[in-house]
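Keeping their order, the protein sequence lines are chains A and B.
Letter by letter, the first sequence follows residues 1 to 355 in the working numbering.
Letter by letter, the second sequence follows residues 1 to 292 in the working numbering.
One thing to keep in mind: the hints can contain errors.
Here are the simulated DSSO-like pairs of lysine-lysine, each with C-alpha atoms no more than 30 Å apart in a straight line [unchecked claim]:
| id | chain 1 | residue 1 | chain 2 | residue 2 |
| --- | --- | --- | --- | --- |
| 1 | B | Lys138 | A | Lys162 |
| 2 | B | Lys39 | B | Lys227 |
| 3 | B | Lys287 | B | Lys84 |
| 4 | B | Lys125 | A | Lys163 |
| 5 | B | Lys39 | B | Lys196 |
| 6 | B | Lys125 | B | Lys145 |
| 7 | B | Lys138 | A | Lys150 |
| 8 | B | Lys145 | B | Lys287 |
| 9 | B | Lys145 | A | Lys150 |
| 10 | A | Lys163 | B | Lys138 |
| 11 | B | Lys138 | B | Lys125 |
| 12 | B | Lys214 | B | Lys138 |
| 13 | A | Lys150 | B | Lys39 |
| 14 | A | Lys162 | B | Lys145 |
| 15 | B | Lys287 | B | Lys125 |
| 16 | A | Lys150 | A | Lys163 |
| 17 | B | Lys145 | B | Lys84 |
| 18 | B | Lys125 | B | Lys39 |
| 19 | B | Lys227 | B | Lys84 |
| 20 | B | Lys196 | B | Lys214 |
| 21 | B | Lys74 | B | Lys145 |
For the record, the hints were derived by calculation from the structure and aren't laboratory data.
Quantities reported herein were computed from a predicted structural model and do not represent experimental measurements.
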Amino acid sequence: MMKKLLVLGILVALVIACKKGNDVLPDVFAGFESPANFPEPEYDFSRNPVTEAGFELGRRLFYEPRFSRNNTIACGSCHIQSASFTHHGHDVSHGIDDRLGTRNPMPIVNMAWQREFFWDGGVFDLDLAAINAITSPVEMDETVPNVIRKLREHPDYPALFKKAFGTEEITDARLLRALSQFMLMAVSANSKYDQVMRNENGATFTESEQKGYLFFREHCAGCHSEPLFTDRSYRNNGIGPNRVNDIGRDSVTLNPSDRYKFKVPSLRNWQYTAPYMHDGRFLSLNRVLEHYRSGMVDSETLDPVFRQSDGTIGIPMTDEDKEHLMAFLQTLNDRDFVTNPLFAEPEVGGGMIVK
Amino acid sequence: MKTKKIINTIAWKYLLLAVTIFMAAACSKKNTPGPDATKTGAFSVEFDNIMGEETLGFHPREYTNARGEKFSVKLLQYFISNIKLYRADGTEYTVPQEESYFLINGQDRATRFTRVTAPEGDYTKVSFILGVDAERSKMPVEERKGVLSFNPEDGHEGGGMYWGWNSGYIFFKLEGYCDLISDDQQGDPTGNKQFKYHIGGFGGYSAPTINNIKVITVDLTQAGPAKVREGLRSNVHLFVDIMQVFNGPHTFSIPEHPNVMFSEYSVNIANNFPAMFSHDHTENFIKSEDEL
Chain A
1 MMKKLLVLGI
11 LVALVIACKK
21 GNDVLPDVFA
31 GFESPANFPE
41 PEYDFSRNPV
51 TEAGFELGRR
61 LFYEPRFSRN
71 NTIACGSCHI
81 QSASFTHHGH
91 DVSHGIDDRL
101 GTRNPMPIVN
111 MAWQREFFWD
121 GGVFDLDLAA
131 INAITSPVEM
141 DETVPNVIRK
151 LREHPDYPAL
161 FKKAFGTEEI
171 TDARLLRALS
181 QFMLMAVSAN
191 SKYDQVMRNE
201 NGATFTESEQ
211 KGYLFFREHC
221 AGCHSEPLFT
231 DRSYRNNGIG
241 PNRVNDIGRD
251 SVTLNPSDRY
261 KFKVPSLRNW
271 QYTAPYMHDG
281 RFLSLNRVLE
291 HYRSGMVDSE
301 TLDPVFRQSD
311 GTIGIPMTDE
321 DKEHLMAFLQ
331 TLNDRDFVTN
341 PLFAEPEVGG
351 GMIVK
Chain B
1 MKTKKIINTI
11 AWKYLLLAVT
21 IFMAAACSKK
31 NTPGPDATKT
41 GAFSVEFDNI
51 MGEETLGFHP
61 REYTNARGEK
71 FSVKLLQYFI
81 SNIKLYRADG
91 TEYTVPQEES
101 YFLINGQDRA
111 TRFTRVTAPE
121 GDYTKVSFIL
131 GVDAERSKMP
141 VEERKGVLSF
151 NPEDGHEGGG
161 MYWGWNSGYI
171 FFKLEGYCDL
181 ISDDQQGDPT
191 GNKQFKYHIG
201 GFGGYSAPTI
211 NNIKVITVDL
221 TQAGPAKVRE
231 GLRSNVHLFV
241 DIMQVFNGPH
251 TFSIPEHPNV
261 MFSEYSVNIA
271 NNFPAMFSHD
281 HTENFIKSED
291 EL
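Let's have the full structure, built from the sequences with the hints guiding it.
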């Protein structure tokens with residue numbers, strides 16, 4: 001009898017142990033992986049290696065409305081996964097108290113390969129990027145020390161920081177590095193284009209896509225270079241100053257030759273990231289292509305790549321070229337990325353407002 | 001008689017010798033032993049903010065600048081970093097960089113000292129940066145400790161001495177009121193008549209831009225060298241004349257430039273910074289800060 005009870009006890013204990021183990025580790029966390037068709041990342045992972053607990057903390061923080069003064073706006077309020085972490089349908093960001101910014105939020109995608117951040121490149125370290133949004137009076141209107149105070153008083157965070165960093169201490173460096181771990185994991189590299197490049201799943205371009213690809217390589221890839229579809233430079237693409245006269249990169253360098261230059265955005269996931277340009281003025285891809293074909297405004301700092309030998313500016317493009325180009329650009333959308341549950345808001349009822 | 005005289009002479013000689021020895025001993029006691037560079041002592045620079053020929057007070061206390069404009073001060077904060085000490089023989093001591101960042105807050109007298117440790121020595125010159133060096137400005141977050149951090153207990157929260165949109169510290173922040181400031185976009189559209197001078201710029205990360213880092217060198221020979229000794233503190237008391245922000249080599253009008261932040265014009269204001277600092281006196285062999 002005693003022996004039977006003992007065996008039963010051991011079995012029960014084993015079942016409990018197994019169950020517990022399953023709860024903690026639903027999947028094997030792969031960590032950060034650089035896609036085969038991508039270059040070396042720019043981010044220094046030796047300083048901040050991505051761990052499962054660090055990433056999970058980062059994810060929780062990304063969707064944490066306590067980052068804003070009145071606890072309503074999280075990073076995820078304006079960087080929405082289904083919109084490839086942009087603010088779909090908004091020309092400029094809506095922040096706290098419905099205040100408006102002056103720029104369209106950039107996607108948080110493939111951050112590990114970026115050298116500088118935001119349209120003007122004013123932030124040079126991904127770890128420092130969140131400070132911009134936290135302290136902006138039209139975004140979160142909060143201070144970093146206040147955010148840290150709120151997290152220290154929260155019932156969950158000290159334990160989450162301990163899991164990620166070994167002790168319950170919540171510091172600026174830990175907070176910002178956890179956020180970076182989440183953002184670094186947001187790798188989008190599973191579009192049709194990527195599968196074609198990696199010879200995966202028998203993916204091939206259609207004839208139209210292939211023609212579009214050739215046109216793209218000849219006329220667009222100088223700035224939107226593969227495989228990131230941005231050369232990470234700052235250029236004036238001839239859209240002309242907007243009403244608030246946003247001077248772009250010049251505001252950071254104070255160099256007049258940088259006037260009206262903005263970061264070349266990646267074309268990846270464009271289907272999810274409308275509207276386009278730094279102020280979200282163009283609502284459709286067609287309108288964007290028309291801009292390059294016939295809508296360009298000349299100015300002193302207009303990028304020389306748009307100056308044609310006959311004195312015109314823009315990218316000469318027949319209707320057929322445009323059709324093929326659009327077919328190719330469709331291959332840059334990565335549906336897996338925008339639906340990947342790994343990046344979704346954790347179900348903790350954080351109370352963030354999605355604007 | 002003769003013997004007595006000899007004895008007297010000897011006694012006189014001994015007396016002289018004794019007095020000489022006594023005096024020498026007294027003298028050497030007064031000098032204390034010379035500096036021993038293998039030992040360390042406490043050293044501080046005191047940043048005593050003044051306004052022209054007056055002490056510094058905050059709003060509503062009013063001052064008048066060289067342009068005859070009345071103004072008051074609401075906030076004054078600045079970073080001091082990279083302290084270096086120089087001896088008369090040309091040798092120098094650089095305070096380890098990570099121990100050499102301080103935030104002076106005009107409204108908190110406890111912040112007026114930059115307390116460091118230095119080898120024993122007689123120092124005739126001190127230098128420091130008004131602001132934060134470019135190297136540290138580019139470092140990752142975990143290398144920005146103490147006043148450079150964003151932590152609630154020791155960071156620069158009160159002053160918000162950092163530009164989030166354009167990664168970099170605000171070196172010097174002066175805010176206040178001037179009734180001459182207009183209520184439009186060129187002035188203060190809130191109607192509060194406020195001026196704001198947020199001066200920074202470390203030269204740029206990937207593209208060169210303005211560099212408002214100022215190395216301030218103060219000669220101590222006139223008003224007293226700093227004698228650093230073990231177990232004691234030497235305090236170099238500086239006057240920091242905030243009026244020089246307006247009246248320095250580049251005199252400017254507050255209502256004409258009520259807001260100067262990250263811009264070309266900020267270079268003019270930063271060029272006024274060195275004129276703010278003057279050495280008033282040095283307090284050596286201090287046993288406690290209460291003596292200062």
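ask   = So which of those numbered hints doesn't the model satisfy?
value = 4, 5, 13
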